[in-house]
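When you get a sec, could you build the whole thing from the sequences and use the hints?
There are 2 protein chains.
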Amino acid sequence: MEQKEFKHTVFFWLKNPDNKKDRDVFETSLFYFIKNSKFIKTKHIGIPAQTNREVIDSSYTYSLSLSFNNKEDHDKYQNESNHHKFLEECSKLWTKVVVYDSINIL
Amino acid sequence: MEQKEFKHTVFFWLKNPDNKKDRDVFETSLFYFIKNSKFIKTKHIGIPAQTNREVIDSSYTYSLSLSFNNKEDHDKYQNESNHHKFLEECSKLWTKVVVYDSINIL
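Just so you know, the protein sequences line up as chains A and B, in that order.
Everything in the first sequence is counted per the numbering used here, starting at 2 for the first residue and increasing by one.
Everything in the second sequence is counted per the numbering used here, starting at 2 for the first residue and increasing by one.
Derived from the structure by calculation, the hints contain no laboratory data.
This one's a predicted model, so the numbers in the text were calculated from it and none came from an experiment.
It is possible that some hints are incorrect.
Identical chains blur together in the list; that is why a pair holds if it fits in one copy or across any two.
Under the rule of at most 25 Å between Cα atoms (straight-line distance), these lysine-lysine pairs were calculated in the DSS-like manner [said to hold, decoys possible]:
hint, residue 1, residue 2
1, K21, K5
2, K5, K22
3, K42, K72
4, K44, K77
5, K72, K44
6, K36, K5
7, K42, K5
8, K44, K5
9, K86, K72
10, K72, K5
11, K86, K44
Rendered as structure tokens:
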């Protein structure tokens with residue numbers, strides 16, 4: 002099996018990014034899922050930083066940046082029951098999601 | 002100083018993504034810069050993975066995902082001389098760059 006690091010990066014745009022209840026539901030569900038995943042190597046759940054050059058997109062509400070030891074671990078993560086639970090609980094809260102998956106070449 | 006992890010994520014779309022010489026110039030310059038930075042905590046230079054769900058954008062040529070101990074280290078990285086050298090050598094090679102900066106809330 003190929004052991005190149007797999008990076009899974011997601012940006013979420015919530016319908017109501019200033020609604021505290023929506024944010025609480027989203028954070029609680031995502032934190033639970035991420036903290037209990039068996040396959041994640043490193044994790045970062047982010048909000049936009051205070052930077053503002055022209056090339057920066059800071060319009061998103063939350064980011065998720067996960068690394069896995071390999072694509073196989075990522076694929077197992079996609080099928081964890083807590084992942085499906087998170088999507089059921091939270092997909093109604095967002096208007097847009099963009100995912101970038103990449104393989105490390107360093 | 003606030004010690005929340007800062008994540009700097011960049012996607013590059015090269016003008017000629019299939020041109021080996023352009024890729025070699027880009028990779029050589031980026032690798033040199035990243036390997037010699039004094040401020041980066043973790044690093045990932047990626048190419049699109051073999052995943053293809055509807056929400057996935059795999060149109061980019063290269064990704065860069067860097068973490069820093071805090072925003073101050075990121076700001077110093079932005080001003081490293083090798084960073085400026087990379088931009089001089091390579092900005093002509095791409096048509097589009099998108100940057101997402103985020104602060105960890107985990």
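Structure-based check of all given hints:
Taking the shortest Cα distances, K21 and K5 sit within 25 Å of each other only across copies (22 Å), while inside one copy they are farther apart (39 Å). Taking the shortest alpha-carbon separations for K5 and K22, only the inter-copy value of 24 Å comes in at or below 25 Å, while the best intra-copy value is 39 Å. Both within a single protomer and between protomers do K42 and K72 lie at most 25 Å apart by alpha-carbon distance, with minima of 12 Å and 23 Å respectively. Taking the closest pair of Cα atoms, K44 and K77 come within 25 Å of each other both inside a single copy (16 Å) and across two copies (24 Å).
In this homomeric assembly, K72 and K44 come within 25 Å of each other (Cα to Cα) both inside a single copy, at 16 Å, and across copies, at 18 Å. Taking CA atoms no more than 25 Å apart as the test, K36 paired with K5 passes in both settings, with 23 Å inside one copy and 18 Å between copies. Taking the shortest Cα distances, K42 and K5 sit within 25 Å of each other both inside one copy (12 Å) and across copies (19 Å). When the C-alpha separation of K44 and K5 is checked against a cutoff of 25 Å, the pair qualifies both within a copy, at 17 Å, and between copies, at 13 Å.
In this assembly of identical chains, the alpha carbons of K86 and K72 lie at most 25 Å apart only when taken from the same copy (22 Å versus 33 Å across copies). Taking the shortest alpha-carbon separations for K72 and K5, only the intra-copy value of 8 Å comes in at or below 25 Å, while the best inter-copy value is 28 Å. Proximity of K86 and K44 under a CA criterion of 25 Å is satisfied intra-copy only: 19 Å inside one chain copy versus 31 Å between copies.
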